[in-house]
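Q: Residues per chain are reported as follows:
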Amino acid sequence: MFWRLLWKLLRGSGGRLAVAILSLVSCAMVVSALLNLEFDIERKLTQEFRMLGANILVSPRNAQINGSSTAEVMSESEVAAAIAASKEPAVVAAASFLYVVANAGKTPVVVAGTKLEELSKLEPAWRIEGDWKSSHDLAASCLVGRNVARQLQLVVGSPLRLTYLNENAQFTVAGIVDAGGTEDNQVFVGLAEAQNLANLPGKISVAQLSVSGTSNSISRYAARLASALPAYEVRPIRQITEAEGDLLSRIRLLIVSMVILILVLTALCVLGTMAALAMERRQDVGLMKALGGSIGRIVTLFMAEVGVLGAAGGFVGAILGIELSRWMGQRVFGTAISSRWEIFPLTIVLMVAVALAGALPLRLLGKVKPAVIFRGE
Amino acid sequence: MFGRLVRESFIRNPRRKLLTAAALVVGMAVATSTLTIALEVGDRLAREFRSLGANLLVTSQSDTLPVEIGGVDYRPVNEGAYLSEADLGKLKTIFWRHNILGFTPLLDVPTLVSSSRVTSTTLIGTWYQHDVPVPDGTKFKTGVSVTHPWWKIRGQWFRDGSNEAVIGAALAAKDPDTFAIGKKIQIRHSDEASAARTLVITGIVSTGDAEDNGILVPLSFAQGYSGHEGQFRQLFISALTKPADTFSERDPLKMTPTEYDRWFCSPYISSIGFQIKTVLPGADVRTIRRVADTEGNILSRVGTLLWIVTLAALAAAALAVAATSATTVLERRGEIGVMKALGASNVLVAGIFVAEQLLLAVVGASVGFVVGAVLARGLGASIFGTPASPRFILFPVVLGLAAIVALAGSLIPLRRAAHFNPAPILRGE
Amino acid sequence: MATLVQVDDLRKEFGNVRALAGVSFNVEAGEWIAIMGPSGSGKTTLINILGGLDMPTAGQAVVDGVDVARLDEAGLTRFRAQKIGFVFQQFHLVPYLTALENVMLAQYFHSTTDEKEAQHALERVGLGDRVEHLPGALSGGEQQRVAVARALINHPKLILADEPTGNLDEANEETVIQLFQELHHEGHTILMVTHDPSIGNLADRRIEFAHGKLKHILTPAKLA
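Protein chains in written order, with the numbering used here: chain U, 2 to 378; chain H, 10 to 438; chain C, 95 to 318.
In short, the hints are calculated from the structure, not lab data.
Here the structure is a predicted model, which means the values were calculated and not measured.
Positions of the beta carbon are idealized from the N, C-alpha and C atoms, including for glycine.
One or more of the hints may lead you astray.
[As the list claims (entries may be wrong)] Have a look at the derived ranges for each label pair, beta carbon to beta carbon: (1) R164(C) - Q284(U): 24 to 30 Å; (2) E118(U) - R56(H): 34 to 40 Å; (3) W342(U) - E217(C): 51 to 57 Å; (4) N200(U) - T287(H): 30 to 36 Å; (5) P261(H) - E130(U): 16 to 22 Å.
Model the full structure from these sequences, guided by the hints.
A: Here you go:
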C-alpha cells in the first residue's frame with residue numbers, strides 16, 4: 002500500500018512538482034558537471050603546470066660546478082636506465098644535459114648537450130624561432146639562446162663553430178631560443194656531439210625531469226628514483242612543486258565552494274515548491290489523520306515522495322551533467338575531460354539529500370490539526 | 010487606493026511572503042557572492058601565482074655573454090656591462106607601478122673563503138628587505154622575500170648595508186663548523202695582494218637551487234667588494250599581470266594609436282616589460298616564459314571555468330526565485346477569485362501583485378546583497394587568505410536581477426489567474 | 095445496553111469564543127443520535143472532540159471507556175484508527191486514489207491492508223462494480239457511499255457523521271440515508287449532525303444545541 006500511495010501521490014501532483022523536478026534536474030546537471038570537472042581538474046591543471054618545466058633534478062652529489070668546466074659527471078646510461086625502469090606514467094619529459102664551456106671564436110659560451118627533441122618537451126614554454134624540428138640532420142644542428150644569437154650575430158641557418166681544448170665541431174643554427182632565463186645564454190647541441198667535444202663519452206652533468214602530479218606524488222617519485230640512483234642526488238625543485246601544490250588546492254577549494262552554494266540554492270528552490278505543496282496537501286493530511294494515520298507515517302510518506310523525486314532528478318541531471326561537463330571541458334581546457342561513473346551515484350545521493358532538506362516544510366504537515374481542516378463545514 | 014491595496018496586501022499574511030522573501034534573500038546572496046568572487050578571483054589567483062617567483066628578468070643590453078651554469082655567473086668581475094642601482098626607484102613610477110610587487114638585483118662575485126674544505130665560492134650580493142627611494146619621495150621595501158618566496162632561512166637574514174651574510178645550505182653542509190650561525194668568516198679575492206674582509210654569518214638559507222652553493226650578502230657589500238659601486242648585473246621582477254593573448258603578443262610599434270592605448274593600459278606582461286625598458290636605460294627586459302606562460306594559461310582557464318560556474322549559480326538562483334514567486338501566486342488564487350468577483354479588472358489584480366512582488370524583490374535583494382557580501386568575504390578569506398571586498402556596483406545588478414526574476418516567475422501564474430473563474434474558487438474547489 | 099459515550103460538562107473555547115459551554119449527556123451502544131441546532135451552536139465542535147480530532151478545554155468525554163480529553167497525540171491517533179469511523183459532508187476522498195484504494199487507506203492506517211475485505215465493504219454499499227473508479231468519476235452519492243465503506247472498514251465502535259447528505263441531491267440523499275438505516279439496524283452506534291428534521295426524526299434521540307449548550311434531548315415519536 003505504501004508504494005501504491007507513493008506512486009499515486011507522485012502522479013497526482015503533476016504540475017506542482019514540475020518546478021521542484023526542474024530545479025532538481027538543473028541543479029543535478031550543474032553539480033555533476035562541476036564534480037566531474039573537480040575530479041579531473043587536478044589532472045588537467047597539473048598538466049598545465051608542466052609548462053613550468055623541470056621539477057625534478059638529478060645531479061652528482063655535492064655538485065660544485067665551479068669555474069670553467071663541469072667538475073663532476075654522472076653516467077648517462079645509469080641515469081637513463083633508472084628513469085626508464087621507474088615506469089612512472091606521470092613523467093612528461095626527461096632530458097640529460099652535459100655542460101661544456103666551449104669557445105665560439107674568441108667568446109666563451111656555455112654549451113649544453115642534450116637530446117633536442119626531449120628538450121622541447123621538457124620546456125614547452127620556450128619560444129623557439131625557426132623550423133628546427135624538421136631539420137634533416139639533428140646531429141649537425143644546434144639551438145642558440147637569443148642572447149647568444151645577438152652577441153655572435155647569428156640567425157637561423159648561420160654556421161657555428163665550437164672549440165674546446167683540442168676538439169672542435171661545426172653546427173648549423175636551426176633555432177633561436179627565447180626562454181627568459183639562463184638558457185638564453187646557452188647553445189644547445191646533441192648530447193653525443195657535446196660528449197665528443199668535451200671528450201666525456203657516456204657522461205652527463207645533470208638530468209632534468211618534468212613530472213606531473215601532486216606535490217606528494219612528485220616527492221614520492223623523486224624518492225623512488227633516488228633509491229635507484231644511490232650515487233647521485235635526486236630532488237624536487239622546490240620553487241615549482243610548492244607553488245603548484247598551493248595553487249591547486251586553492252582552485253579546488255573554489256570549485257567545491259561553488260558546488261556547495263549551488264546545492265544550497267537548490268535545496269531552497271525545492272523548499273519553496275514543497276511549501277506550496279504542503280499547503281495543498283493540508284486537506285489530504287487532515288483526512289489521513291482523521292483516519293488514524295500517525296504523524297510519523299504521514300511524514301514518512303511525503304518524505305519518501307520527495308526522496309524519489311530527488312533520485313529521479315539526480316539520475317536525469319547526472320546524464321545531462323556528463324554532457325555539460327564535456328562541453329565545459331572543451332571550453333575551458335580545449336580537450337575533453339574524462340567522465341567518472343562515480344559521479345552518478347554521488348549526484349543521486351546529493352540530490353536526495355538536497356530534496357529531503359528542502360522538504361522540511363513537509364514535516365510541518367505533521368502539526369496539522371485535522372479539526373482545523375474540517376471546521377470550515 | 011492602489012497604494013493602499015498594495016500596502017495592505019503586502020502587510021497581510023507575512024508568513025506566505027516569508028517564503029518568497031527567503032528565496033530572494035538566499036538567491037541574491039548566492040548571486041552576489043558568486044559574482045563578487047568571479048570578479049575578484051582573477052586578481053586573487055594572480056597574486057597567488059606570485060609565489061612562483063619573478064616573471065621578468067632584466068640584464069644589461071650591452072652585457073657580454075654570461076658564462077652561467079645552474080644560475081650562477083662565473084665571468085670575471087671586470088668583464089661585461091652593469092646596470093645602475095640608482096635607476097631602480099623609477100620602476101615604481103611607470104603606469105603599472107602598483108603591479109610591480111617587488112624586485113631584486115643580483116651581483117655575483119667569485120671569491121676565496123677561509124674554509125679548509127672549501128677554498129673558493131661565489132659571493133651573491135642582493136637585497137633581503139631593502140628600502141628603495143622612489144622619485145616621488147616615498148620608499149618601497151622589496152627584496153628576495155618577494156621575488157624568491159620559496160627560499161627558507163634558518164636563523165636571520167642579513168641587515169641591509171651590513172657585513173652580515175647568509176650561507177647557502179649546500180655550502181654550509183660542506184663545512185658545518187666554519188659555516189655556522191654566529192661564526193665569522195674571511196673572504197678575499199684571488200689576487201694575492203688584496204685584503205681579507207670579514208663576514209658575520211646570521212643565517213643559513215635553503216633555496217633548492219644554485220644559490221645553495223654560495224654566500225649571500227647585502228648588495229652594498231658585494232658592490233664595495235667587487236669595486237662596482239652602485240651597480241648590479243641582473244634584476245628579477247615580480248609583477249602582477251593579466252594573462253597574455255594574441256593581442257598582447259603583437260609588436261607595439263605596429264599598433265594603431267587606439268590599439269596601443271589599449272595594450273599600454275592593460276597589465277599584460279609584454280606591456281609592463283615595455284614600460285620597464287623605458288625607465289631603465291640600457292636594459293634588456295625579458296619575460297621569464299616558464300612562469301609567465303604557466304600563470305597566464307592557468308589563470309585564463311580558471312577564469313573561464315569560474316564564469317561558467319557563476320552563470321550556473323545565477324541561473325539556479327533565478328529559478329529558485331521564480332519558482333517561489335510562482336507558487337505564492339498560485340496559493341493566493343482565493344484572494345484573486347474574491348477580487349475578481351468584486352469586479353477587479355485583470356489589470357488591477359496583476360498590478361497589485363506585480364507591485365507587491367517588486368517590493369519584495371527590493372527588500373529581499375537588499376538583504377541578500379548584504380548577506381552575499383558577507384559570504385563573499387568569508388569565502389575569499391578561507392580560499393585566498395584575504396577577504397573579498399564588496400563591490401557596490403553589484404547592488405543595482407542584483408536588484409535588477411531579483412526584480413526581473415520575481416516578475417518573470419509570477420507572470421506565468423498571473424496570466425493563468427487572469428482566466429480564473431471566481432466561482433469555483435469561492436466554492437472551495 | 096452498555097453506555098458507549100459519556101460526556102460530562104464538556105467545554106471548548108477558541109480564544110474568546112465559547113463553542114461548548116458545559117455539555118453533558120450519555121449515548122448507549124447501538125443508538126442513533128441526531129445532533130441538531132443552528133449553525134455556530136457547537137455541533138461540529140462536539141463531533142470533532144468525540145472523534146479525537148480536537149481537544150476540549152475542560153470536562154470529560156469518555157468513548158468506549160477511553161477519556162478522549164486525557165489522550166496524547168499518539169493516543170488520539172490510535173483512538174481514531176481503532177474506534178471511530180468518520181463520514182464528512184465534503185466526502186473527503188483522496189482524489190487520486192480509486193474507490194478501492196480510498197477504503198484501503200483506512201485499513202493502512204489501522205493495521206494492514208486487505209484488498210478482499212475492502213472489496214466486500216464496497217459491495218456492501220452497492221459499489222462492487224465501481225471499485226476502480228476515481229472519485230472524480232463517481233456521483234456525489236456514490237462518493238459518500240465510498241466514504242461510508244471507508245468509515246466501516248475497521249469495525250469502529252462509533253460512527254460520526256457530519257451533515258452526510260448536505261452536499262447531495264434528493265435522490266442520492268435517499269440512498270445514503272437508507273444505508274445509515276441499515277447500519278443502525280445492524281447495531282452500529284451513530285452520532286449524526288444534521289439540520290434536516292426529517293433525518294432527525296429517523297434517529298432514536300435528538301439532541302438540540304444552542305449557543306454551545308444542550309437545549310433539550312427529544313425522543314421523536316417513531317412511526318411504527
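Q: Output the numbers, in ascending order, of every earlier hint that fails for this structure.
A: Of the numbered hints, just 4 does not hold.
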